[in-house]
Amino acid sequence: MASVNFGFGISKPRVIDIDRNNLRKSDEILLEMPELQTCIGCGSCTASCTAGNLTSFNFRKVHALVRRGEYAGAYEEMNKCMLCGKCRLLCPRGINTRGVVMLIKRKLGDF
Amino acid sequence: MNFYAPFTLPFIIGTIILFIVLAWKYVSWFVALTHEDKRLVAKGVPSLATLRSVWEVVRESLLHVRIFRIDPRLGYMHMSLALGWFLLIAVGWIETMAYMGFAPVPLQGHVFFKYFAAQGVVTEHKPYFDFVMDLLLAFVLSGVALAWFKRFSSRSLGMRRATKHTTGDRLAMSFLWFIFPLRLVAESITVALYGGGSFLTGSCGSLLASIFGERLLSYAFEPAWWLYSIALGGFFVAMPFSRYMHIFTEIPLIFLRNYRLRPREEKGAIDYFEVQSCSRCGICIDPCQLQADLGIHDVQSVYFLRDRRYNMLKQSVANNCLMCGRCEAVCPVGINLNTLRLNSRALMRNIPNERRYGYFRDIDRSEGSGKVGYFAGCMTLLTPRTMSAMERIFEAVGDQVWWADRQGSVCCGRPLKLSGETDSAHKMMEFNRSLFHKHGITTLVTSCPICLKTFKEDYALEHIEVLHHSEYIERLIASGRLVLERGDVRYAYHDPCELGRGGGIYDAPRTVIEAVGELAEAEHNRRNALCCGSSLANTAITDGQQLKLASRVTDELEATGAATIVTSCPLCKKALQRTAKGGVRDLAEVVAEALPRK
Chain C
809 MASVNFGFGI SKPRVIDIDR NNLRKSDEIL LEMPELQTCI GCGSCTASCT
859 AGNLTSFNFR KVHALVRRGE YAGAYEEMNK CMLCGKCRLL CPRGINTRGV
909 VMLIKRKLGD F
Chain Y
776 MNFYAPFTLP FIIGTIILFI VLAWKYVSWF VALTHEDKRL VAKGVPSLAT
826 LRSVWEVVRE SLLHVRIFRI DPRLGYMHMS LALGWFLLIA VGWIETMAYM
876 GFAPVPLQGH VFFKYFAAQG VVTEHKPYFD FVMDLLLAFV LSGVALAWFK
926 RFSSRSLGMR RATKHTTGDR LAMSFLWFIF PLRLVAESIT VALYGGGSFL
976 TGSCGSLLAS IFGERLLSYA FEPAWWLYSI ALGGFFVAMP FSRYMHIFTE
1026 IPLIFLRNYR LRPREEKGAI DYFEVQSCSR CGICIDPCQL QADLGIHDVQ
1076 SVYFLRDRRY NMLKQSVANN CLMCGRCEAV CPVGINLNTL RLNSRALMRN
1126 IPNERRYGYF RDIDRSEGSG KVGYFAGCMT LLTPRTMSAM ERIFEAVGDQ
1176 VWWADRQGSV CCGRPLKLSG ETDSAHKMME FNRSLFHKHG ITTLVTSCPI
1226 CLKTFKEDYA LEHIEVLHHS EYIERLIASG RLVLERGDVR YAYHDPCELG
1276 RGGGIYDAPR TVIEAVGELA EAEHNRRNAL CCGSSLANTA ITDGQQLKLA
1326 SRVTDELEAT GAATIVTSCP LCKKALQRTA KGGVRDLAEV VAEALPRK
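Chains as they are written, first to last, in the numbering used here: chain C, 809 to 919; chain Y, 776 to 1373.
Note that these hints are calculated values from the structure, not bench results. No residue lacks a Cβ here, since even glycine has one placed at the ideal position from N, Cα and C. Any given hint might turn out to be false.
Said to hold, decoys possible - Facing chain C, a subset of chain Y residues (Cβ under 8 angstroms, in silico):
id, residue
1, Tyr1134
2, Ile1138
3, Cys1153
4, Met1154
5, Leu1157
6, Gly1183
7, Leu1191
8, Ser1194
9, Leu1311
10, Asp1318
11, Gly1319
12, Lys1349
As the list claims (entries may be wrong) - Restraint ranges, calculated between C-beta atoms of paired labels, are given here:
id, chain 1, residue 1, chain 2, residue 2, range
13, C, Lys820, Y, Gly1173, 51 to 61 angstroms
14, C, Lys869, Y, Ala1253, 46 to 56 angstroms
15, C, Glu840, Y, Phe927, 34 to 44 angstroms
16, C, Arg876, Y, Lys1089, 23 to 33 angstroms
17, Y, Arg1037, C, Thr846, 39 to 49 angstroms
18, C, Asp835, Y, Asp1137, 38 to 48 angstroms
19, Y, Phe927, C, Arg876, 49 to 59 angstroms
20, C, Thr846, Y, Arg930, 39 to 49 angstroms
21, Y, Lys939, C, Asp835, 26 to 36 angstroms
22, Y, Arg814, C, Asp835, 45 to 55 angstroms
23, Y, Thr1217, C, Ile824, 48 to 58 angstroms
24, C, Arg876, Y, Glu1260, 56 to 66 angstroms
Just chain Y, with the same shape it has in the complex (with noise of 0.2 angstroms):
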């Protein structure tokens, strides 16, 4: 049989250079990762996260499983189109493989069989092929469909915005759209005039032929078929430049992370892999406080990824962000969009060997001594209730403290960190790393989740246990040292998103609640929980900005009926304060109210 034509010839352009692009891509990431990157992957090649990446792939990149947690609608489009398409692939393929043995195929031979075989042989099973085609066809087209609805009306797939676009990746979007109706033509034609075909193209095809008659449609035979291979050609030379190389890249992606590969502070060839992993679905969106509560539209991840990738990202988008981590908790791909928004700031902002904060180095205004050392952080400084409610626990149970920073001290490092200045704050985590080797402390306790954050992730302390004051109170109650008094006051708690989000813990002070008096939850909680607004991340909404975010986060809390607002954190405190009707305390402090009277 012959699989040459010259309509395919849009085709076959558009692939060479879809492979060439992808080639280089790939090439290139690789050989930039760093040493010990590539020394992860040869390790993980011949091991079970293979195994285990193969099976997410088919999970997430064909069923997209994740999203349909998200929203079944939504879900069900993304599967549509990428399981769909795969399947017309696959099934084509062994269309063709039922037709011609193993003879050697062209690549245009398998994608445009209907063409070639048209007056063909007929086998028994073509009915088959041609139903399950037609099925195939009538899945990806429903998807199409909604994804074309879902420009109109986005709330009605469950998103209340959608992502705004650029010009190249509606023009991708575009070709993307057009191929199956396209395909749908074609092969209706076809069927019209050569017969065969199943419930779709078939009937489509007798329709099309009662309305133009066979005449006419002989003459649309040849440029249907070219239209529908320019549509190929088109989105696949748009396809690495344009929002759809998440395709190409979400795969090697769920590879390399099985094989430990993450991104890290300072920018990186794995950061290559997360980028363009990125899909600009937009479900990032609904989920930021920035834009639901303050209108403001083009910092989201998902406009910061695309920003980086193409080189226009600004301080004023980077900046912008509250890195409370909601996006990254939503994200189907689950692209670390914390790690890359820190690490793109660092590259705008870190001064490496600058010669700063010499007034460090003869530093020690620590108090006591003991196995347990209390570290309060810049912020229990300025909530001082917190560190004297914490003061009289550790009396209660008698432990000896050591106290790192009751007279002030030096930072934990977070701040700098997360403004992108990187090595500053690692002057800081070694100061205050030696501190605490050198008073010889077991345990470290600290009030404040945006410190306990830093010392368990960048700290590498040696035989020091990190503690939050949450985990530590529960400790003591669950081992019967510290006896509380039950009230029956109600307390709304209020996941601070270092903590929660940010180190997994949601239980230790939900418990510790439970202990002095009755829980209630607000609306959004635990990985839903709303931002404060005064997170330390953002340094570019203003005042009014951040009271208009406490404000929302007050309202939830108080629309529980609780009279008293519980947080675990200092500034969460501090910024509810401002916007709560009633009183908003520290876990510390109702804990120490309930602390039995002598």
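Next up, chain C with everything else stripped away, as it sits in the complex (with noise of 0.2 angstroms):
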């Protein structure tokens, strides 16, 4: 019997398996930048950015993702960033999150 369409359907899990994703640039990244260690996702820097404020761009989301291994998409959403340096003024971890964003950008990007 066919299938009938009734406009909806069941969306994909979305499951991050840290198992299966491959967090090579995730560690280089930590690496780097210890003090990620101690973000607590809080969002100040997604309230304050000034990108985020025009686009859907949100910091703390894909550096979240970028943790997880799940980096697709994280270098174009990274280039929405104007570095103007709000959210590092705010975070209350005191993470130097324009290096942040640059660090990102070089281990996802074609640096």
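Hey, can you piece these two chains together into the complex? The hints should help.
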């Protein structure tokens, strides 16, 4: 029997399998910026973000995905950042966020 | 007279190598200059700029006036070596001419004239020449002694820290230091054997004769001249590959600079002149706060230029700089250190023709309309008190204001430029430029010196005057449109790097502060002011290191006894707030508070 198209379906499961993901780049990033381990994911960076104010760019999300080995589209997303540096002033853990942006772009792009 | 002797060979070979390498460098650099730069040179040569350059060469390459201003002892050391050696050569040349007339004399004949003329004719002016040459040699030797002494105790010559040199530089330096003592020995032996000489070589000669006896000295005669020649030749070979290349690069650089050639945001041939003009004197090391407060010792301009010259520059070195401009302000050669560092970063990080920032297209969140535009900048959006203070000031004077980015907008582009992504930065600049033009403003006021600098230098805005809010307020006060109530509060003013050294605006904020209260100056102020440490140019130091830099600044500002620190940069304000015990305010805030109450 042909399936009836009701206009909606089952969405693909969003499971991040860290055992399957290649964490090499993530580890390299962590090695150069060990302070990233102190990130509590509060989202101050995203709340203050100049680019995030104009687009859907979400630094906290991109960073979290990259750390878990989900690199697809991360470089393109990071390229929306204008490096203005507000996030760095707000980060409660004092993470060098501008350095993180540059590092992720360098590791995942063609620098 | 015969001017050939085997011992002159090392000198001759060294000189030939030196001139071949120099010619090759000069020609290849000049050829690589851009078309525009060559046009500037062609236009500049037959102008007054050439005469000005000659005078500047005398002042800077020989007398070292700028180093004298930094420290007289250091200035004397550099001058005695440069001017002394130059005069030794010049007077030596005249001496040869006095003996030989205008007969052609080969180069080594001039340099080793004392050797060749030892048994020659004695004219009536020989004692005078002997005296002058001895005097000059003593002058140079005093410089060598100081240079030597500085290696052990740089502090006594006014430098807390001296440059850490590479092996190649040390080799070249050793040759240089040996040249003049060896010359003294060779000439003294010659004098002891053949007579002549004055207070220096004469007395040294008789001393040597009394110790060793004439027979022994006659054996040492040839070897002494050999050693002197080897030291000269060795130095000449090492020269173009070491720090001493600056001797021959600074002179054309002075000319080119007076012809208005400047390094740009992308690498160019003019950079060779700038980079190789660095003598690695190390004067840039002491003012560097990364060195003084954080103990980072390998990123200062002297090391940056060295690494760049020998193609071993790493991103970690290029990125670790506040670009506060304190080194540029003291550089005795006047090298454009910040521009060079920027174009190094651009070479490492710029991505041309990438399709980025497509999302700018339809953004226009500006509000209001008026001839005066106000651009808060990202950082001011993070310090909303500054912006509301500006709003009250605009209201008080009744200016119609167009608010470019109160609801958020695109960054000015300077942060990306500072990190080397020049092409991306230009996309933002183009966006903002067309936004400003579209709204027909004639004055653009910004309260962020970072934006201000890029508006002035990169935007090329037509018919729009760019003002920092301190300048704008100063004008309002001067024209009587803004009346303020002067209190008796003391304010310590902190000069932001981008506004002060970066934009040359020191007086406007001070005039404004004096209109509302009493101004207190920190120990380091104006051109010498310290950086708050949070500079956008540095993407390498950690948060803790930034705090350390800021606490030194606030300590100094609080030492003035003022209760409140005033600055005119939102980034400095944020940075200093973290370590200040009292309040840190923006200039606009203290002005808005002094507005008469209605």
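Hints, one by one, checked against the model:
At a threshold of 8 angstroms, the smallest CB-CB gap from Tyr1134/Y to chain C is about 5 angstroms, leaving the interface hint in force. Annotation: Ile1138/Y was flagged as interfacial toward chain C, and the flag holds, the nearest CB pair being 6 angstroms apart, inside 8 angstroms. Look at Cys1153/Y: its Cβ gets to within about 4 angstroms of chain C, closer than 8 angstroms, so that hint holds up. Given the 8 angstroms rule on beta carbons, the hint for Met1154/Y holds: about 7 angstroms separates it from the nearest Cβ of chain C.
Here the hint on Leu1157/Y is kept, as its CB sits about 5 angstroms from the closest CB of chain C, short of 8 angstroms. Because the closest C-beta pair between Gly1183/Y and chain C is about 4 angstroms apart, less than 8 angstroms, the hint holds. Because the closest C-beta pair between Leu1191/Y and chain C is about 5 angstroms apart, less than 8 angstroms, the hint holds. Against a cut-off of 8 angstroms between C-beta atoms, the interface hint on Ser1194/Y holds, since the closest Cβ of chain C lies about 6 angstroms away.
The closest approach between the C-beta of Leu1311/Y and any C-beta of chain C is roughly 5 angstroms, which is under the 8 angstroms cut-off, so the hint is satisfied. Taking 8 angstroms as the C-beta cut-off, the interface hint given for Asp1318/Y holds, the closest approach to chain C being about 3 angstroms. Interface restraint check for Gly1319/Y: the shortest CB-CB distance to chain C comes to about 7 angstroms, inside 8 angstroms, so the restraint holds. With its C-beta approaching chain C no nearer than about 5 angstroms, Lys1349/Y sits inside the 8 angstroms limit, and its interface hint holds.
Range check, Lys820/C to Gly1173/Y: Cβ separation about 60 angstroms, and the 51 to 61 angstroms hint holds. In this structure the supplied range 46 to 56 angstroms holds for Lys869/C paired with Ala1253/Y, their Cβ-Cβ distance being about 50 angstroms. Distance hint check for Glu840/C and Phe927/Y: the Cβ-Cβ separation is about 39 angstroms, which falls inside the suggested range of 34 to 44 angstroms. For the pair Arg876/C and Lys1089/Y, the supplied restraint of 23 to 33 angstroms holds, since their beta-carbon distance comes to about 29 angstroms.
In this structure the supplied range 39 to 49 angstroms holds for Arg1037/Y paired with Thr846/C, their Cβ-Cβ distance being about 43 angstroms. Checking the proposed 38 to 48 angstroms range against Asp835/C and Asp1137/Y shows it holds: the Cβ atoms sit about 40 angstroms from each other. One distance hint, 49 to 59 angstroms for the beta-carbon pair Phe927/Y and Arg876/C, holds here, with the actual separation near 56 angstroms. Checking the proposed 39 to 49 angstroms range against Thr846/C and Arg930/Y shows it holds: the Cβ atoms sit about 40 angstroms from each other.
Look at Lys939/Y against Asp835/C: about 34 angstroms separates their beta carbons, and that is inside 26 to 36 angstroms. The hinted window of 45 to 55 angstroms between Arg814/Y and Asp835/C holds, with their beta carbons roughly 53 angstroms apart. About 54 angstroms separates the C-beta atoms of Thr1217/Y and Ile824/C, a value consistent with the hinted range of 48 to 58 angstroms. A hinted range of 56 to 66 angstroms holds for the C-beta pair Arg876/C and Glu1260/Y, which are about 58 angstroms apart.
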